[in-house]
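**Q** Just so you know, the sequences run in chain order H and S. The first sequence runs 1 to 238 under UniProt numbering. The second sequence runs 1 to 260 under UniProt numbering.
Think of the hints as simulated: they come from the structure by calculation, not from any bench. Among these hints, one or two may not hold up.
Simulated restraints on C-beta separations [said to hold, decoys possible]:
#, chain 1, residue 1, chain 2, residue 2, range
1, H, Leu39, S, Ser43, 36 to 46 angstroms
2, S, Asn147, H, Ser167, 49 to 59 angstroms
3, S, Ile82, H, Arg63, 30 to 40 angstroms
4, H, Arg63, S, Ser43, 38 to 48 angstroms
5, S, Asn147, H, Met186, 40 to 50 angstroms
Mimicking SDA-like on lysine to any residue, the simulated pairs with C-alpha atoms at most 25 angstroms apart in a straight line are [claimed, not checked]:
#, chain 1, residue 1, chain 2, residue 2
6, S, Lys86, H, Ser128
7, S, Lys86, H, Ala120
8, H, Lys158, H, Ser185
9, S, Lys86, H, Arg119
10, S, Lys122, H, Lys158
11, S, Lys71, S, Leu88
12, S, Lys30, S, Glu112
If you want a taste of the chain H side facing chain S, the calculated C-beta under 8 angstroms gives, among others [stated by the list, open to error]:
#, residue
13, Ala113
14, Ala121
15, Gln140
16, Ala155
All figures in this text were calculated on a predicted structure; none of them were measured in a lab. Beta carbons are placed, not taken as given, at the ideal position from N, Cα and C, and that holds for glycine.
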Amino acid sequence: MSVFWSEAQEYFPFLLVGAKVTLELSLISMLGGMVLGFLAAIGRLSERRFIRWPLEVYVEIWRDTPLIVQLLLIYFSLPEFGIVLSGFWAGVLGLTLNLSAYLSEVYRAAIMAVDPGQRAAAISLGMSPFQEYRRLIMPQAFVACLPTQGGYFIALLKDCSLVSFISVNELLRHATIVISNTFDSMNIYLMVAVIYFCMSFASARCVGWLERTLTPERRKTVGVKPIMSELAEEDNTL
Amino acid sequence: MSRAPSPVLHLEQVYKSYGETTVLRGVDLKVFQGDAVFLIGPSGGGKSTLLRCINFLEYPDAGTITALGEKLCSQNRTHFEIAPEKTLRHARARMPMVFQQFNLFSHQTVLENVMEGLITVKKIPRLEAMTLARTALDRVHMLQKQNNYPDQLSGGQKQRVAIARALAMDPPVILFDEPTSALDPELVSGVQAIIQDLSAQGLTLLVVTHDPAFVQSTAHTVCFCGDGYILESGTVNDIYGNPRNERVRKFVQSSGIQRV
Ligand SMILES: Nc1ncnc2c1ncn2[C@@H]1O[C@H](COP(=O)(O)OP(=O)(O)OP(=O)(O)O)[C@@H](O)[C@H]1O
Ligand SMILES: [Mg+2]
């Protein structure tokens, strides 16, 4: 155990530098994935088949191939077309595109779940489709799928370790570098696990806080209370 | 009642199908300034569809609709044309609709619900919108609930807020689709009284309802809608007392009121 602490003191700062890169990768990719995913979701809900159909192909391509293969392809084949990206930005591009495919499905479901009656009410007041999205659909759908989005962010944080394969000095790669010097894989990997856990746990708390902040007071207990009162009624009849 | 020479709402030979089912087969309807037109008729007769076509929540397939001086769609012998979206939106904002299921925006408070159309559609500054919204809420006696969320309200209260949301737009016409059908019996009369007040204050109303007592108390004109046509229209006395059409006669007899 004392070995762990002394090694931790020595290598933790170096690992944290990697963790910072991991965090940067995740945050930028998440933002990109959300924007692209949202656009793809709107497109897939379009009535026009020539918009819908290519987006369906897009979503399937990114979902049905392994992320690591996508990253390798982007990193090694884009230069053939004259597009040279650093490992970091190739990673961001791969993670963004991959995530956008998954998130587009999340958003599509959340948009479709918005009450059609409320949408009719918005239209009947004279709102344009854009205003309807901005004032009704986005506020409701975004909050509704916050927990799912949070889950995807945590998955993304961990998927970032794959970017070490395209020589980005993120957390896992820093760990590998340390291990190649110390040969103490167990303790170093343990530190890596702890760092990943802390980042994920903190993200989950943040999403939880965001959800509570963006949800009006009354919703926090809705879904629990009615069931409880129903149960209470059932009890009475027994 | 002084009647403007041209109707605020004029439908000529309006058709609407959903796939194979033809719901409206040539509806003709005129609604004049200050009128309270009540649409009655059997379930599935196309009353809701008619209202949704007037508001362009559904697009009709053929016919001419003129509302508040604007042609929303027009039909000549060969050609059917729908006005640009902008014209439709402008018309919708001046004849908003009140729904059976209230359809309040669930993520907003009562006050925000009523302000929404003012701010987003009419581009009225926030403070002014708030004042107008409060005035509208006051008219339906819901000012005390302005900071509540819709799911903290009873059905009758929700519907009154929905009426305020429409009313705040300061529209010349309001469309109602079965405004009291989803309410507990004891809440019905409060909402009906408010609609009656609006009519008395000169608003033009087009109301779909299954409640004969409501028709009797509030309607100026009654239209019977069945099989996708307006089969007969007239005063309350005409329709309930002495209908010409046999189907209308059977319907009003079964609905329990024969003379008013
Ligand atoms: N979106 C839709 N798609 C397909 N058919 C529809 C749709 N909306 C309505 N219909 C059909 O159109 C017909 C008329 O419906 P509508 O809702 O206009 O009747 P209604 O007169 O309002 O009836 P009610 O009094 O029960 O409300 C019905 O046969 C219904 O099944
Ligand atoms: Mg109906």
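**Q** Now tell me, hint by hint, if it's right for this structure.
**A** Right, here's what the structure says about each hint:
Between H:Leu39 and S:Ser43 the beta carbons are some 42 angstroms apart, a value that agrees with the proposed interval 36 to 46 angstroms. For S:Asn147 and H:Ser167, the Cβ-Cβ distance of about 56 angstroms falls inside the hinted range of 49 to 59 angstroms, so the restraint holds. The hinted window of 30 to 40 angstroms between S:Ile82 and H:Arg63 holds, with their beta carbons roughly 39 angstroms apart. As the Cβ distance of H:Arg63 to S:Ser43 is approximately 45 angstroms, the hint placing it in 38 to 48 angstroms holds.
As the Cβ distance of S:Asn147 to H:Met186 is approximately 58 angstroms, the hint placing it in 40 to 50 angstroms is violated. Under the criterion of a C-alpha separation no larger than 25 angstroms, the hint pairing S:Lys86 with H:Ser128 is consistent with the structure, at around 8 angstroms. For the hint pairing S:Lys86 with H:Ala120, the CA-to-CA distance comes to about 17 angstroms; that is within 25 angstroms, so the pair holds. Under the criterion of a C-alpha separation no larger than 25 angstroms, the hint pairing H:Lys158 with H:Ser185 is consistent with the structure, at around 19 angstroms.
Proposed proximity of S:Lys86 and H:Arg119 is supported: the alpha carbons are some 18 angstroms apart, at most 25 angstroms. At most 25 angstroms may separate the alpha-carbon atoms for a hinted pair to count; S:Lys122 and H:Lys158 exceed this at roughly 47 angstroms. Straight-line distance between C-alpha atoms of S:Lys71 and S:Leu88 comes to about 9 angstroms, which keeps the hinted pair within the 25 angstroms bound. The straight-line distance between the Cα atoms of S:Lys30 and S:Glu112 is roughly 34 angstroms, outside the 25 angstroms bound, and the hint therefore fails.
Interface hint at H:Ala113: violated, since its Cβ lies 12 angstroms from the closest Cβ of chain S, which is beyond the 8 angstroms cut-off. At a threshold of 8 angstroms, the smallest CB-CB gap from H:Ala121 to chain S is about 4 angstroms, leaving the interface hint in force. The interface hint given for H:Gln140 is met, as the beta carbon of that residue sits about 5 angstroms from the closest beta carbon of chain S, less than 8 angstroms. Because the smallest distance between the Cβ of H:Ala155 and any Cβ of chain S comes to about 27 angstroms, over 8 angstroms, the interface hint for this residue is violated.
In summary, the structure is inconsistent with hints 5, 10, 12, 13, 16 from the numbered list given earlier, while agreeing with the others.
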